[in-house]
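**Student:** These protein sequence lines map, in sequence, to chains A and B. Per the numbering used here, the very first residue in the first sequence carries number 1; after that it's consecutive. Per the numbering used here, the very first residue in the second sequence carries number 1; after that it's consecutive.
One or more of the hints may lead you astray.
[As the list claims (entries may be wrong)] Simulated crosslink set (DSSO-like; lysine-lysine; CA at most 30 Å straight-line):
no., chain 1, residue 1, chain 2, residue 2
1, B, Lys213, B, Lys341
2, B, Lys362, A, Lys316
3, B, Lys341, B, Lys353
4, B, Lys348, A, Lys316
5, A, Lys278, B, Lys165
6, A, Lys278, A, Lys153
7, B, Lys348, B, Lys362
8, B, Lys361, B, Lys348
9, B, Lys239, A, Lys308
10, A, Lys316, A, Lys174
11, B, Lys162, B, Lys172
12, B, Lys162, A, Lys278
13, A, Lys153, A, Lys142
14, B, Lys341, A, Lys308
15, B, Lys365, B, Lys353
16, A, Lys278, A, Lys176
17, B, Lys353, A, Lys316
Read the hints as simulated data drawn from the structure, not as lab findings.
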Amino acid sequence: MSLMAMFSLVISSTLVYSAPLIFTSIGGTFSERAGVVNVGLEGIMGMGAFASVVFNLTLADTLGAATPWLGLVAGAAVGVLFSLLHAVATVTLRADHIISGTVINLLAPALGVFLIKVLYGKGQTIPISQDFGYASIPGLSKIPVLGQLLFEKTSGPAWLAMLVAGLSWYIIFKTKFGLRLRSVGENPQAADTLGLNVARLRYSGVMISGLLGGVGGAVVAQSISLNYSASTIVGQGFMAMAAMIFGRWNPLGALGASLFFGLSQSLAVVGAQLPGLKNVPSIWLQIAPYVFTIIVLVFFFGKTRAPKADGVNYIKAA
Amino acid sequence: MTAQKNSLSVALFSVLFGLIIGAIIMLVFGYNPFSGYTALLSSAFGSMQDIGSVLTQMTPLILTALGFTVAQTAGFFNIGLSGQALAGWVGAVWYSLSFPDMPAYFMIPSALILGAGLGALAGAIPGWLRAQFGASEVIVTIMMNYILLFLGNDILQNTMSKNIKESAETTKQVGANASLQIKWLTDLTQGSSISAGIFISLIMIVVVWFIMKKTTLGFEIRAVGLNPDSARYAGISAKRSAIVAMAISGGLAGLAGTIEGLGNYLNFFTQNGSPAIGFDGMAVALLGGGSYLGVLGAAAILSVLKIGGLGMPMSSGVPFELVDIVTASIIFFVGASYLIKLMQARIKAMDEKAASTAEAKKIAKTKSVQDNSKKGGE
């Protein structure tokens, strides 16, 4: 295998595995910046995957190649709806954030498979016909060397995810909404005193995490698993959570961490084809992302700090 | 005392609401909730074998829930129960298959200790990382679940010797010297996979209750959970308590996994995901509301749902997943107990108001009667 082919194989598969993590970890960032811990990202991704597959199977014939992209919208919509459950529980009903997130995670696969059984009569769907596959980005793919490596036969959703990362960074750190969102996550009482609607801002943070988590799940379903079953989303949501923490609650950091996780996940898959990694037992590549997460968490702890009021319910004085 | 009473009523309300949600979902999707729940009950209690299955299901859930409760008492959220259980399961099965000739009186205790020890180790690591470096135990235990899952499968597929394996994906059955199944129990429950594990679980409820409530160690763990700073001021090592609490928590989960291996399945096989007993145990602990007796009741309720749910598709057509939806809803209401407490307060307030208005009316009435009689007298 030529060096060029090797690089482009690793890069394109890294992008495929990173894309869902980028979307979801940025979603988590919005939620936690607003002060709501979201352990339920896994469940939200599951519902997004479910919605996109049902959408895809139902409308692929009429919508053709645009189906997976519109499937993202379906995943986002269902993700928002599902995240409302977390918002209601934590913001309005003052539930413990981790318990509520755990409920989301328990509920999503059960509800998804239940509905699949109701709709299709069996526990998993048939493969979708229109998936993301590999696409070339027009124009950019013509750049010599770099174009071939990065933009030819690449993952469309991954590049969309990077745009979203940039946009999210701008929203969180450069806009009025972002400032308010962060203030609610740091010191809700002070924010309340200044006339901000703490509950509404926290709802929006959680709902944005639902939107992006739903998109993330839809990306997994339509570019990796290509169908929906109980095992479509197994752990990606938790990985995204880890990426968010690595990224220090910053969308660009989450992007970097997701790319790193995507790389180690893709090496576990394509490693067998690479000369240098052929002899490394696959178990090491499999557990590498999780081991690295722990090491980095321990190592860089002094520098990571969650938003101050993250996970703390705000009870307005009557 | 009142807190205890409160959480019992919260738990009962939550179960009721969860079942109502399940019924609504069945109605919406065109199933008959009455026949659905009848099917559930009859497949949980229909025969001695069903009851045996419910008890088999309860066994690991009691232990993982106890483990979760101990960690929670110390202020930790142990999401790693399933990985810790897996460590015990793989280790105990591997060990017992490797020594097929060891006599049972030595094999069984040593296998139980080994499995619990492996779980304890898997629990102590995140405890230590938290105590020493402040690394969030939530993240570390989640990550360790995956590490242990992949390691367990890899040990089965690539490390275990061929002659203790049935196929690439399953080990052979453990021998009679390591099996926790008891003949009279198996016969009594018409061949269910119930084992002596249920007795171990029941004993552990008492043991853990005793350790946590009646010993210095338990007192220290509780003190650290309530307020680490004042515990340290009182001379308690918060670091040591954190590690010990997480080790006990993981050890109980490891014991649960060991009993799954030596009592329920009698082997180990490739796992597609972390064993459900971890998250289900968490659900049991949350429903149990931190009370040790509550764990027993909650394990019984969730196990009846689980085993009963298995029979739902056949006789009523309702997919099995409905019971998981019900379980999740129950925990939702436990978590959002504010809602239930608010409703209880409303009901109480309404009762009081009704009582006081009734009282007022009564007074007014007697007054008017008196007035009337006065008038009549005039």
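**Student:** Broken hints, numbered, in rising order?
**Tutor:** 2 and 16
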